[in-house]
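> Using the sequences and the hints given, assemble the complete structure.
Heads up: the sequence lines are chains A and B, in that order. Position 2 of the first sequence, counting from 1, maps to 2 under our numbering, and the rest follow consecutively. Numbers given in our numbering equal positions in the second sequence, counted from 1, plus 1000.
There's no promise every hint is true.
[Stated by the list, open to error] Using 30 Å as the maximum straight-line C-alpha spacing, the simulated DSS-like pairs for lysine-lysine come out as follows:
| # | chain 1 | residue 1 | chain 2 | residue 2 |
| --- | --- | --- | --- | --- |
| 1 | B | Lys1226 | A | Lys131 |
| 2 | A | Lys131 | B | Lys1173 |
| 3 | B | Lys1092 | B | Lys1173 |
| 4 | B | Lys1173 | B | Lys1054 |
| 5 | A | Lys173 | A | Lys220 |
| 6 | A | Lys173 | A | Lys131 |
[As the list claims (entries may be wrong)] If you want the ones that stay clear, here's a sample from chain B, every Cβ over 12 Å from chain A, calculated:
| # | residue |
| --- | --- |
| 7 | Gly1023 |
| 8 | Ala1030 |
| 9 | Val1053 |
| 10 | Ala1085 |
| 11 | Thr1091 |
| 12 | Asp1106 |
| 13 | Ala1221 |
| 14 | Leu1265 |
These are computed hints drawn from the structure, not numbers from a lab. Heads up, the beta-carbon is just placed ideally off N, CA and C, and yes, glycines get one too.
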Amino acid sequence: MHIEIDEIAKSFGETTALHPVSLPIPSGALVALLGPSGSGKTTLLRILGGLEFPSSGRVLFDGKDATGLTVQERRAGFVFQSYALFRHMTVFENIAYGLRARPRASRPPNAEITRRVTKLLELIQLPDIGKRFPTQLSGGQRQRVALARALAIEPRMLLLDEPFGALDARVRKELRTGLREIHDATGLTTVFVTHDQEEAMELADLVVVMSMGRIEQIGKPSDIRARPATDFVREFISA
Amino acid sequence: MSDVTTFRAPTEEAPIVRRILIGVVVALLAVLVLAPLFVVFAEALSRGVGEAVKSLGSRDALAAIRLTLTVAAFAVPLNAIFGLAAAWAITKFDFRGKAFLITLIDLPFSVSPVVAGLCLVLLLGTNSTLGGLLVANGYPIIFALPGIVLATVFVTFPFIARELIPVMIEQGKAEEEAALTLGASGWRVFRTVTLPNIRWALLYGVLLCNARAMGEFGAVAVVSGKIRGETATMPITIEMMYNEYLSVAAFSLAAVLALLALLTLALKTLLEWRHADALAATGGH
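Below you can see the structure in the form of structure tokens.
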């Protein structure tokens, strides 16, 4: 799905989180929102997911105005920073949650839910952990379960907030590859937030560098490296 | 630990300090909690089990037990709903006057129950505008069941909210947001995510609230008018019996009240023991 961010601005009371920003996200792209904390990248992601509403501006999905769509109507697969797995449910029930939450008419029968959850567990290469609880998983496993849960709703796009933030270096590398593979397999338009420039450059097709609620530069990793648009970008990517 | 060890962790107290601390706590509990409890039962049974049971079968005692259970049956569910609403409002939204609201929730802890009872009488008694109107239409509040329930609700209001607020703050909104992005409606999120996550805190709050509701004396004493067999709850009936030197009757009823409280605690312990895994997973009590 093609996403168009059109002059989106957001303020919380007196503080401005986002100055009007515009950004086209091509269908099927893997995009990184890169910036330090307080740059507005998470706010922008949450606006896409429908968890925040912009103070002004529009969001377009495939050319249609989606600004007023509720979080449920957006059908965005959202992976939260600390994964936000339902701690009182097994991994299986976590992944099945979105399917069970559907209105009766479009809810798949139990056998179909089991089939799909099993398939997703295979996709994240953890076929045997369905009966475990989130507290019994490692950080990397939790992240993959969160990804499977987001994919279960057959989302129109995938949004990830610092998906590798809480993991150690070795697991990070592994999961980066995992995300790339899942993205390529599903073809979903994917946006992830990160403060790690190496991660953004290595993983993304398109990197959006943000600072203080503004977009500093949009470009392919190689272009941004070769021609940083501002002093901020030059400094940030050399860090 | 072996005897040759001379080092000890900085957070670890010397053995003598530990023993003194534990000793003090055990001694205090024994003198202040266990001994009185024992005396109540001993006094109730001082003239045999038969006498105690007979005194409990009296009209006044039975009426008191019935009234106390009725009051708790109204007050606890009401406070469960109020407590949930208050905890929800405080932990999930930001709004002006939030700090003031938190202070208000704590108010019943700091105001004397007797004062609370008097306020209710002034507000809803026959001599007040509102109370007069209600009495004239056949709905007396003061010296009747509604007044007793209101007084009990007031006194026990903080228990459930106070249990829920810290748990809900600690859990944050991430899981609820996750459920919303997965397509769940607000009501479904509450039912399948919020409620299961706070169920232990809620249960604990309900049990505490229930124990306190059954034992409340001061506020109820003012609003009930202490009409024997009609508006006298268990604690009030106990006091009246005691003042009339009916010590077996007073202590038998007191023993029943204590047993109800002990039952509450036993129920809590049983639930904690049976659901230890789920408890560890949700980080409850």
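> Return the numbers of the hints above that this structure violates; sort them in rising order.
1 and 4
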